[in-house]
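Quick note, the sequences are listed as chains A and B, same order. Numbered according to my numbering, the first sequence spans residues 30 to 344. Numbered according to my numbering, the second sequence spans residues 2 to 443.
Worth flagging that the hints you see were computed from the coordinates, not collected in a lab. One should not assume that every hint holds.
Just a few of them, taken from the derived set where beta-carbon distance is under 7 Å, the chain B residues facing chain A [said to hold, decoys possible]:
1) D259
2) S410
3) Q426
Computed beta-carbon distance windows for the label pairs [stated by the list, open to error]:
4) B:E301 <-> A:L122: 48 to 58 Å
5) A:T110 <-> B:T379: 54 to 64 Å
6) B:A166 <-> A:R192: 18 to 28 Å
7) A:L69 <-> B:A98: 49 to 59 Å
8) A:A98 <-> B:E301: 51 to 61 Å
9) B:G146 <-> A:A66: 28 to 38 Å
10) B:E301 <-> A:R192: 25 to 35 Å
11) A:G95 <-> B:G172: 27 to 37 Å
12) A:V78 <-> B:K147: 39 to 49 Å
13) A:T244 <-> B:E431: 27 to 37 Å
Beta carbons are placed, not taken as given, at the ideal position from N, Cα and C, and that holds for glycine.
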Amino acid sequence: MTTTLPAVPAGAAGTRGDGPGARRRSERQPVSAWLLAPALILFGGFALVPLGGAVALSFTSWNGLGTPAWLGLDNWGAVLTDHVTWLTLWITLQVMVGTWLVQTPLSLLLGVYLAPRGRWRAWMAAVYFIALLMSSSAVALVFKNLLDPNFGLAGPAGPGFLRHSWLGDPNTVLIAVILIIAWHFVPLHTLLYQAGARQIPGSLYEAAQLDGAGTVRRFFSITMPQLRYTIVTSSTLMLVGSLTYFDLVFVLTAGGPGYATRLLPLHMYLTGFTATEMGRASAIATILAVVGLALSLGLTRLSGFTRMQSQQEGL
Amino acid sequence: MSSTIARRVRATAAVVGVALALAACGSGTTPQLGDGGTAAPGGSGDAAIVWGLEGGQSESYVAAVDRWNEEHPDQPIELQMFGNQGYKDKLRIALGAGQGPDLMFSWGGAALKTYVDAGYVEPIDDPAITDRYLPSVLDTVTFDGKVYGAAINNIQPVVILYNDAVFRQVGAEPPTTWDELLDLVPVFEEEGIAPIALAGQSKWPQLPYLGYLVDRIGGPEVFDAIVANEPDAWSHPAVTQALTEIQTLVEAGGFVDDHASIAYETGAADALLYTGRAAMMVVLSQAYSNIKTAAPDFVESGDLKAVPFPAYDGGAGDPANLVGNPSNFWSVNASATDEHKETVLAFLAEQVMNEEYIGEILDRSAVPGVTTARDQITERDDTFAEMVVDLTEAAPHFQLSWDQAINPSQAEQLTTHLDRVFLLQTTPEEFVSAMNATLDAQ
Numbered sequence: 030m031t032t033t034l035p036a037v038p039a040g041a042a043g044t045r046g047d048g049p050g051a052r053r054r055s056e057r058q059p060v061s062a063w064l065l066a067p068a069l070i071l072f073g074g075f076a077l078v079p080l081g082g083a084v085a086l087s088f089t090s091w092n093g094l095g096t097p098a099w100l101g102l103d104n105w106g107a108v109l110t111d112h113v114t115w116l117t118l119w120i121t122l123q124v125m126v127g128t129w130l131v132q133t134p135l136s137l138l139l140g141v142y143l144a145p146r147g148r149w150r151a152w153m154a155a156v157y158f159i160a161l162l163m164s165s166s167a168v169a170l171v172f173k174n175l176l177d178p179n180f181g182l183a184g185p186a187g188p189g190f191l192r193h194s195w196l197g198d199p200n201t202v203l204i205a206v207i208l209i210i211a212w213h214f215v216p217l218h219t220l221l222y223q224a225g226a227r228q229i230p231g232s233l234y235e236a237a238q239l240d241g242a243g244t245v246r247r248f249f250s251i252t253m254p255q256l257r258y259t260i261v262t263s264s265t266l267m268l269v270g271s272l273t274y275f276d277l278v279f280v281l282t283a284g285g286p287g288y289a290t291r292l293l294p295l296h297m298y299l300t301g302f303t304a305t306e307m308g309r310a311s312a313i314a315t316i317l318a319v320v321g322l323a324l325s326l327g328l329t330r331l332s333g334f335t336r337m338q339s340q341q342e343g344l
Numbered sequence: 002m003s004s005t006i007a008r009r010v011r012a013t014a015a016v017v018g019v020a021l022a023l024a025a026c027g028s029g030t031t032p033q034l035g036d037g038g039t040a041a042p043g044g045s046g047d048a049a050i051v052w053g054l055e056g057g058q059s060e061s062y063v064a065a066v067d068r069w070n071e072e073h074p075d076q077p078i079e080l081q082m083f084g085n086q087g088y089k090d091k092l093r094i095a096l097g098a099g100q101g102p103d104l105m106f107s108w109g110g111a112a113l114k115t116y117v118d119a120g121y122v123e124p125i126d127d128p129a130i131t132d133r134y135l136p137s138v139l140d141t142v143t144f145d146g147k148v149y150g151a152a153i154n155n156i157q158p159v160v161i162l163y164n165d166a167v168f169r170q171v172g173a174e175p176p177t178t179w180d181e182l183l184d185l186v187p188v189f190e191e192e193g194i195a196p197i198a199l200a201g202q203s204k205w206p207q208l209p210y211l212g213y214l215v216d217r218i219g220g221p222e223v224f225d226a227i228v229a230n231e232p233d234a235w236s237h238p239a240v241t242q243a244l245t246e247i248q249t250l251v252e253a254g255g256f257v258d259d260h261a262s263i264a265y266e267t268g269a270a271d272a273l274l275y276t277g278r279a280a281m282m283v284v285l286s287q288a289y290s291n292i293k294t295a296a297p298d299f300v301e302s303g304d305l306k307a308v309p310f311p312a313y314d315g316g317a318g319d320p321a322n323l324v325g326n327p328s329n330f331w332s333v334n335a336s337a338t339d340e341h342k343e344t345v346l347a348f349l350a351e352q353v354m355n356e357e358y359i360g361e362i363l364d365r366s367a368v369p370g371v372t373t374a375r376d377q378i379t380e381r382d383d384t385f386a387e388m389v390v391d392l393t394e395a396a397p398h399f400q401l402s403w404d405q406a407i408n409p410s411q412a413e414q415l416t417t418h419l420d421r422v423f424l425l426q427t428t429p430e431e432f433v434s435a436m437n438a439t440l441d442a443q
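Bound conformation, chain A alone:
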């Protein structure tokens, strides 16, 4: 690819070999901004404009019918002083951290395990992947019936250790939700780690093996550092993604019992569409967008994702 670029000013090119040097050179090459147009139009039309609309609506009173009436800062005052907003934010945070803690080790280990070639592993990878192909709502319906305390596996007919009203007990419902989310999304992250692990050159492992490093040592000294950016990518997807869990929870528990599983996005939906207070819901939506943006920016900055460098220099 680099060979097709027009002449590069002499001296700008590194003298340290072709690979990494060429990458740096191409970054300085002016590329027509028009190439951005398709993405910008889509992003602007389907993300920025609606976002602006939500911000504008958050200053109005609107029940979804007729014309929104200007209200000023009343919605914001109501949302920010309502303890339910903060409660739902806290529950969202718990789910965010919980899903990350459950999913990361599972998908990392599965992904690394599935990375080497082999028919058996390919078959298993396909099986694991099925969970991701199902719609969240279908997953929620299945688990809702499985966990039914009277007629499901969590009932008298099921195994004893499952005998509990998982979705009805405010103390366990969040754990159940986190585990079901994990069941649904671990396959995606496994796929990421599998692809990441396949990129690691075999020569690294061979060299380590010659030096006498065991499986565990090789995992922590080669696999983990080499997967650094995969971990960042997967974690960002998980953490920011947890701000969008809605369909699954809505079908599974509808936010209950009480407020126990009312995540921020669900709170937004219930405020907007059940209570038909679009203005207030828009204020919550804006909070959601700001939190999401801050989270992904913070994560990429903290993890050094923006200064991404090759992990394989010198190979």
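With chain A held as given, fit chain B onto it using these hints.
Leaving out everything else, chain B in the frame of chain A:
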């Protein structure tokens, strides 16, 4: 042959309904119409669109549209069926965007009134349609003296359904007063039977307890003041007393242990009753039809019986008052074309609540809210249907379910806070002050 088609249509409608409900919960970016329900013959693009909701009586909507299309191929109607969850949002968005159906399914009450006030609904003037209905049915769709909906299914007062076999087993009688109901709790507990099945996750099955108790204790005036948004209307002592009674019942173990995780739509609450694991259920009379479909042998055996909600000793309200859903309705979209309006009005007059339609509903042990049903009911010798129609005719006041009677914003707060009352997470006093705050917001 035709029954296969009907079954396929129903199955498709159910699947599409669920899919739509789920899609409405999801991104909402997928086009969701035009692929379900009973398609008009010839697939004409100019069919009048009718929206219906899957439910115990929805087979009759399909049958009525089929009959119409057969007789009026020049005025086709297309019925699109939806699942319960998310339908209200969908209707609101569609109306707001000017893409509503010509005939829309609704519940009457405050939600319909917001559509009427916003000019989305056309009054129905044709006496051939409106004169058939019982006054308590018409009341929920009458605003400023005009009728805005035609009832399409059955009157659904909330009653106590009970499993008579279980009552015989413990040697008990169904309760006639609230105290008797409380006294029954330990009797069933001892036998390892849950006294009352409750689908708490769905939230709406909790509402009749509050609705009935407030009515029995304080009379209908208490809730009328709430509907009228009078300041501090929730502070009426009847409300606090009703909530205290509910929590007494919860604490006594009156409800099935896992009530918070049971959703009504899964059928688990009905199943608890007909499998004998619960003795009673306070529920819309529609549940009788649902159980008849799910467990026909049980209903056949005569063990599914019903009594009205018990009286409250010393209460000011008339024990004959009812709470429930007087019916569901089809309302005419004001922005429909004149031809479509003409089509759907003729359809309502001709195919809805005609002899055949009424017969189908009665076959499911449900009672349509029309004066013309009485003869057919007597002919059939159906005790439950007769009880429902007797109760309705004798009721001095038929209160529409609270979540339909107040505006959606207050209703959302009501169901959430009442759920927390049932979970013992909040006190009656906290409930009252939280609900009073929703009045101030108006």
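Now for the hints, and whether the structure bears them out:
1. D259: holds, 4 Å
2. S410: Result: holds, 4 Å to nearest chain A Cβ.
3. Q426: holds, 5 Å
4. B:E301 <-> A:L122: 48 to 58 Å: Hint holds: Cβ distance 54 Å, inside 48 to 58 Å.
5. A:T110 <-> B:T379: 54 to 64 Å: Roughly 60 Å apart at Cβ, these two residues keep to the hinted range, so it holds.
6. B:A166 <-> A:R192: 18 to 28 Å: At 26 Å between Cβs, range holds.
7. A:L69 <-> B:A98: 49 to 59 Å: violated, 27 Å
8. A:A98 <-> B:E301: 51 to 61 Å: This hint holds: roughly 57 Å between Cβ atoms.
9. B:G146 <-> A:A66: 28 to 38 Å: For A:A66 against B:G146, whose Cβ atoms are near 59 Å apart, the range 28 to 38 Å is violated.
10. B:E301 <-> A:R192: 25 to 35 Å: Since the Cβ atoms of B:E301 and A:R192 sit about 33 Å apart, the hinted range of 25 to 35 Å holds.
11. A:G95 <-> B:G172: 27 to 37 Å: violated, 60 Å
12. A:V78 <-> B:K147: 39 to 49 Å: The hinted range 39 to 49 Å holds for A:V78 and B:K147, with Cβ atoms some 40 Å apart.
13. A:T244 <-> B:E431: 27 to 37 Å: With Cβ atoms ~58 Å apart, the hint is violated.
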